[in-house]
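Student: Required output: the full structure, derived from the provided sequences and hints.
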Amino acid sequence: MIQDSELNPQVSIVTPVYNTGKYLKACLDSVLNQSFSDWEMILIDDCSSDDSRLILDEYCKRDNRFILIKNEKNEGSGISRNKGIDKAKGRYLCFLDSDDTWHKDKLAKQFQFMKQNGYAFSFHSYDFTNEEGEKILAPEIVTTKPVDYKFLLKRTIISTITVMIDLEQTGKFYMPRHRRKQDYGLWLSLLKSGYLAYGMVDILATYRQRKGSATSNKWTLIWKHVKFLKETQGLSWVKSFLYTGFWAFNGFVKYYLR
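Be aware that the sequence shown starts at 1, since it is given in the UniProt record's numbering, and climbs by one per residue.
Simulated from the structure, these hints should not be mistaken for laboratory data.
Take these hints with a grain of salt, some might be off.
Okay, derived cross-link-like pairs now, DSS-like style, lysine-lysine, Cα gap no bigger than 30 angstroms in a straight line [what the hints assert, rightly or not]:
| id | residue 1 | residue 2 |
| --- | --- | --- |
| 1 | K192 | K211 |
| 2 | K104 | K89 |
| 3 | K83 | K154 |
| 4 | K181 | K70 |
| 5 | K70 | K145 |
| 6 | K89 | K73 |
| 7 | K109 | K145 |
| 8 | K61 | K172 |
| 9 | K192 | K154 |
| 10 | K227 | K135 |
| 11 | K104 | K83 |
Tutor: Structural data, given as structure tokens:
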């Protein structure tokens with residue numbers, strides 16, 4: 001079922017939802033509280049079995065900027081996001097996961113950053129909380145140097161909740177049909193097409209680190225990354241292993257030597 005909207009907003013926000021009722025209100029409130037108000041938020045319920053659906057219905061009734069898509073079967077975050085991308089009416093496209101939040105000036109500052117510089121693709125710094133919303137770790141402060149395709153192959157510096165894309169410049173790109181790393185695949189596609197990603201040092205989002213969100217088998221994770229690069233980027237096995245080596249080293253530095 002799709003609930004339609006007559007709005008033609010500047011910004012479209014895409015959010016897949018699956019059993020995140022515990023965190024969903026905080027996520028949606030962080031969008032409602034934005035100082036920039038010209039947005040639509042496309043919410044894709046991926047057959048949640050908790051109270052997520054009730055919460056989504058409640059917010060959609062309160063504000064018609066929320067647009068609800070209900071999947072008929074569980075399809076995963078990548079396919080769900082692609083449905084949101086397809087429906088997006090805004091010039092600028094953003095993503096927000098349903099257990100994460102934005103700071104109140106995220107859209108205003110990033111929209112201005114994009115407009116002033118004419119950028120097609122940008123991202124920004126972010127901080128971390130645990131499941132209970134308590135601050136943990138040091139913030140992830142991103143580079144201000146333009147990020148190109150080869151850089152991103154070596155280091156996954158771009159977090160989904162920090163991205164803004166100017167669809168008027170790029171057209172609509174979609175995520176690969178993989179259960180994992182779909183967002184990374186989309187960023188690589190944009191950069192491979194010749195666009196650059198520009199970072200903002202401003203901390204404008206909060207990533208919630210939940211237990212069990214990453215695999216405990218690091219060797220399996222590494223092998224899956226090799227296969228992902230081989231299958232989605234058309235790289236040779238040698239290059240897939242080489243770039244995975246860079247990726248694994250940078251990930252180790254990021255998460256264990258912070």
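Student: Are the Cα atoms of K61 and K172 separated by 30 angstroms or less?
Tutor: Since the Cα atoms of K61 and K172 sit roughly 29 angstroms apart, the hinted pair holds (cutoff 30 angstroms).
Student: Are the Cα positions of K104 and K83 separated by 30 angstroms at most?
Tutor: 26 angstroms, holds
Student: Hey, K192 versus K211, does the alpha-carbon distance stay inside 30 angstroms?
Tutor: Distance ~33 angstroms between K192 and K211 Cα, so the pair is violated.
Student: Is K83 close enough to K154, meaning Cα to Cα at most 30 angstroms?
Tutor: Between K83 and K154 the Cα gap is close to 29 angstroms, so the pair holds against 30 angstroms.
Student: Between K70 and K145, does the CA-CA distance stay at or below 30 angstroms?
Tutor: 39 angstroms, violated
Student: Does the structure keep K192 and K154 at a Cα separation of 30 angstroms or less?
Tutor: Holds, at about 14 angstroms.
Student: Checking one constraint from the list: CA of K89 to CA of K73, max 30 angstroms. Satisfied?
Tutor: This hinted pair holds, its Cα atoms lying about 25 angstroms apart.
Student: For the pair supplied as a hint, K109 and K145, confirm whether the alpha-carbon distance does not exceed 30 angstroms.
Tutor: 18 angstroms, holds
Student: Tell me if the straight-line CA distance from K227 to K135 falls inside 30 angstroms.
Tutor: 34 angstroms, violated
Student: For the pair supplied as a hint, K181 and K70, is the alpha-carbon distance within the 30 angstroms limit?
Tutor: Between K181 and K70 the Cα gap is close to 23 angstroms, so the pair holds against 30 angstroms.
Student: Sort out whether K89 lies within 30 angstroms of K104, counting only the CA atoms.
Tutor: Holds: K104 and K89 sit about 22 angstroms apart, inside 30 angstroms.
The structure does not agree with the numbered hints 1, 5, 10 stated previously, though it agrees with the rest.
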